[in-house]
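A.B. asks: Keeping their order, the protein sequence lines are chains Y and R. The first sequence maps to residues 1 to 255 in our numbering. The second sequence maps to residues 1 to 419 in our numbering.
Since the hints were derived computationally from the structure, they do not count as laboratory data. Think of the CB as a built atom: it goes at the ideal place given N, C-alpha and C, for glycine as much as any other residue. Mixed in with the good hints there might be a few duds.
To be verified - What follows is a list of derived Cβ distance ranges for each label pair: (1) Y/V119 <-> R/K185: 31 to 39 Å; (2) R/E245 <-> Y/S158: 50 to 58 Å; (3) Y/I174 <-> R/P250: 50 to 58 Å; (4) Y/G227 <-> R/N85: 38 to 46 Å; (5) Y/G227 <-> R/Y334: 15 to 23 Å; (6) Y/L145 <-> R/N368: 47 to 55 Å; (7) Y/K156 <-> R/P282: 34 to 42 Å.
Unchecked claim - Below, in silico cross-link-like pairs of lysine-lysine (DSSO-like), each with a Cα-Cα straight-line distance of 30 Å or less: (8) Y/K182 <-> Y/K49; (9) R/K25 <-> Y/K169; (10) R/K260 <-> R/K286; (11) R/K326 <-> Y/K49; (12) Y/K72 <-> R/K285; (13) Y/K182 <-> R/K255; (14) R/K4 <-> Y/K48; (15) R/K285 <-> R/K185; (16) R/K208 <-> R/K51; (17) R/K51 <-> Y/K249; (18) R/K33 <-> R/K208; (19) R/K285 <-> R/K25; (20) R/K178 <-> Y/K49; (21) R/K285 <-> R/K21; (22) Y/K107 <-> R/K185; (23) Y/K156 <-> Y/K2; (24) Y/K49 <-> R/K285.
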Amino acid sequence: MKKIRLGIFKYSCCAGCQFQFFFFQEHVLETLGAVDIVYCKMGTSGGKKEGPFDVALIEGAITESWQVDELKKIREVSRFLVPIGSCAVNGGIPAIKNIYPEIEVEKRVYKDLSVIHSVKAHPVDEYVKVDGYVRGCPMGERELLELLTSLLLNTKPSFPEYCVCVECKLKGNICLLVAEGKPCMGPVTNAGCGALCPSHGRACYGCWGPVSDANAPALAKKFEQLGVSPDDIVRMFTQFASPRIEFRKGAEMYE
Amino acid sequence: MSEKVISIDYLARVEGETAIKINIKGKEPQELKLKIFEPPRFFEGFLVGRKYYEVPDIVARICGICPVSHMTTALRAIEKAMGINPSQQTRILRRLMSLSQIVSSHLIHLYMLAVPDYYGYPGAQEMLPEFTEELSRLMRMKKVVNDLTAAVGGRALHPVTSVVNGFTDFPSPQALEKLHQDLEKIEADAVKTVRMVSRLSFPNFFRKTEYVALKQVNRYAILEGNIASSEGLDIPGEDYKQYFEEEEVPYSMAKRAKVKARGSLMVGALARLHIKFDQLLPGVKKLAQEVGFRLPDYNPFHNNLAQALEILYGVQECRRVLENLKLSPEDNSYRIRAGEGGAFSEAPRGLLYHWYAINARGVVEKANIVTPTVHNFANIEEDMRHLVRQNSDLPEKKIALLCEMLVRAYDPCFSCSVH
């Protein structure tokens, strides 16, 4: 079998998705045997940044202009380009700052702003065409394996396109939202985690980002009925995917 | 006078993004900069205005390799600010998670990031198939310690059960028993790791520095204790700002911390062994002597050996903690109160500090985070200056490799350092 030529690029993020690739998933050695890592600074010295790549995996939100330039070049030399993890897919945690006025957040951290060139944090698909999304925070292990196997077999990968509630029901969990009145983001959050938080007695906080047919306004209303304050509702819908319209709709009802 | 230029645009095999720039005239490095260009994400900026209970989940995302440290340190700082005293059980579980993460982090760093240099490979992938045995050993060990973090935290990377004043769920007695057995099985692997690392030919380089680590009377401190140093510092965490300072650096996105009026410091595994070697378990101390680890040790490259020894300590200590661990659900209710609070912990890479001011509605008003790599930043540059001076006769390529290996020996995390 021909090895997949892989490029892994990191932008503004915690690098956890690369760690998921190299370390936290169970099939690291098999994966390394099946792919040819052409470029990955965190794993290997040297490497060919100019590609070409069968697939470029992009982690991190895009927050600086040089990243946009680089991203466009990668797109040109990659057959497939796939954002991995919440930051690249949805803007993630770095995009919390987008909800505040420009520079306000930056000047709380640095006195000298002349060296700061940060713009609002955006997901990868804001700037280039993408060929799919590997969701998760960190990216899902099953999703990663599905992507790699599909590439090897030349088939279309299949990712879950439904909400966390479905996984919760499959697990037989008692609904935290309905039965316990806990504000749970499960109904609007894309599945893949295996309903991790609800299975551990905790309401979902939406780290995988929105499912495509999310009805955030309805859920936001439900939160209000449960007694969640308007400010807290805004926070819930701006934590992991503030740039995404699906979550914005929930936040802007209470802004 | 001969001139040499060392220019590394993007240092490989470290967490995050940095460049190195050095100009050498004759023997003397004129300009020497660790240019940390990791893009800032402004955590301390956007945490302002968020609710206290969001903070642990958010700060976990500062780092993909030590999320437990950020999460746990933030939790403890928030608890301090709100006057909450978590139970003994909560503190034990946090220690277990932190230790398992230290082992996990050290394993990645040693096998995948640091060791390839010593064997002459560009990365771990290229070490296959020749080093299959070593890498299989790595996989066996990391599986067990990741399972342990996940058993307590729900997920090894970005855990979910760890919340203010406790945990939302607990591992079953069967799961704990299995982990106890698994830890026993990898102990031999941990010993082999120490021996493997002890045989690497570390560069012969020494420079005296000030080692800083947490210290407690009765145990190898990870989450609690005073801040102690090899130059006689022994202060409660509250006095941190009196003794340490943080400065902005024009060529770097990370800030740089120093001991006031003294200068650079080193934190991390080697610093910890300096401050509290006696508190390691007997088996670890014995092996340390056997492989020739002697204190004081002012060779920063030996941080790798210190990490290997901490792997063995972590495996044995986790097993010891699990031995008599009986868990039961607890009442973890609390009242939201306004206040300010800071907490320290030993992250895998060393001393980590989180501080928050929270108002009566539970909203964060101010946040400050100082990471291990910020503490080490000045020391890495100082070491590099001396290393370059000692080796200025070598060709540029060799000097560059030595500098890269030095930075890697510190196991820096530039994502953390900028945050």
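A.B. asks: Each of the hints needs a verdict: does it hold here or not?
C.D. replies: Here's how the hints hold up against the structure:
1. Checked against the hint of 31 to 39 Å, the C-beta distance between Y/V119 and R/K185 comes to roughly 50 Å, which is inconsistent with it.
2. Between R/E245 and Y/S158 the C-beta distance comes to about 54 Å, which sits within the given range of 50 to 58 Å.
3. For the hinted restraint 50 to 58 Å between Y/I174 and R/P250, the CB-CB distance of approximately 56 Å keeps it satisfied.
4. Look at Y/G227 against R/N85: about 28 Å separates their beta carbons, and that is not inside 38 to 46 Å.
5. Distance hint check: the CB atoms of Y/G227 and R/Y334 are about 18 Å apart, consistent with the given range 15 to 23 Å.
6. Taking 47 to 55 Å as the suggested C-beta distance range, the pair Y/L145 and R/N368 does not conform, at roughly 40 Å.
7. Between Y/K156 and R/P282 the Cβ separation comes to about 57 Å, which falls outside the hinted range of 34 to 42 Å.
8. Distance check on the hinted pair: Y/K182 and Y/K49 sit about 47 Å apart at the alpha-carbon level, beyond 30 Å; violated.
9. For the proposed pair R/K25 and Y/K169, the alpha carbon gap of about 69 Å is over 30 Å, so the pair is violated.
10. Restraint check: the Cα-Cα separation between R/K260 and R/K286 comes to about 36 Å, which exceeds 30 Å; the hinted pair is violated.
11. Proximity of R/K326 to Y/K49 is assessed by CA-CA distance (about 52 Å); at most 30 Å being required, the pair is judged violated.
12. Note on Y/K72 and R/K285: the hinted pairing is violated, with a Cα-Cα distance of about 53 Å set against a maximum of 30 Å.
13. Simply put, Y/K182 and R/K255 have alpha-carbon atoms about 40 Å apart, too far for the 30 Å limit, and the pair is violated.
14. Taking the CA atoms of R/K4 and Y/K48, the gap is near 26 Å; set against the 30 Å cutoff, the hint holds.
15. Proximity of R/K285 to R/K185 is assessed by CA-CA distance (about 20 Å); at most 30 Å being required, the pair is judged to hold.
16. The hinted pair formed by R/K208 and R/K51 fails the criterion: a straight-line CA distance of about 44 Å is larger than 30 Å.
17. For the hint linking R/K51 to Y/K249, the alpha-carbon distance of about 21 Å falls within 30 Å, and the restraint holds.
18. Simply put, R/K33 and R/K208 have alpha-carbon atoms about 21 Å apart, close enough for the 30 Å limit, and the pair holds.
19. Our distance criterion of 30 Å between C-alpha atoms is broken by R/K285 and R/K25, whose separation comes to about 44 Å.
20. Taking the CA atoms of R/K178 and Y/K49, the gap is near 44 Å; set against the 30 Å cutoff, the hint is violated.
21. As the CA atoms of R/K285 and R/K21 are separated by approximately 39 Å, the hinted pair breaks the 30 Å bound.
22. Straight-line distance between C-alpha atoms of Y/K107 and R/K185 comes to about 51 Å, which puts the hinted pair past the 30 Å bound.
23. Between Y/K156 and Y/K2 the CA atoms are separated by roughly 17 Å; this keeps the pair inside 30 Å, and the hint holds.
24. With a C-alpha separation of about 45 Å, the suggested pairing of Y/K49 with R/K285 is violated against the 30 Å cut-off.
Hints 1, 4, 6, 7, 8, 9, 10, 11, 12, 13, 16, 19, 20, 21, 22 and 24 from the list above are not met by this structure, while the remaining hints are.
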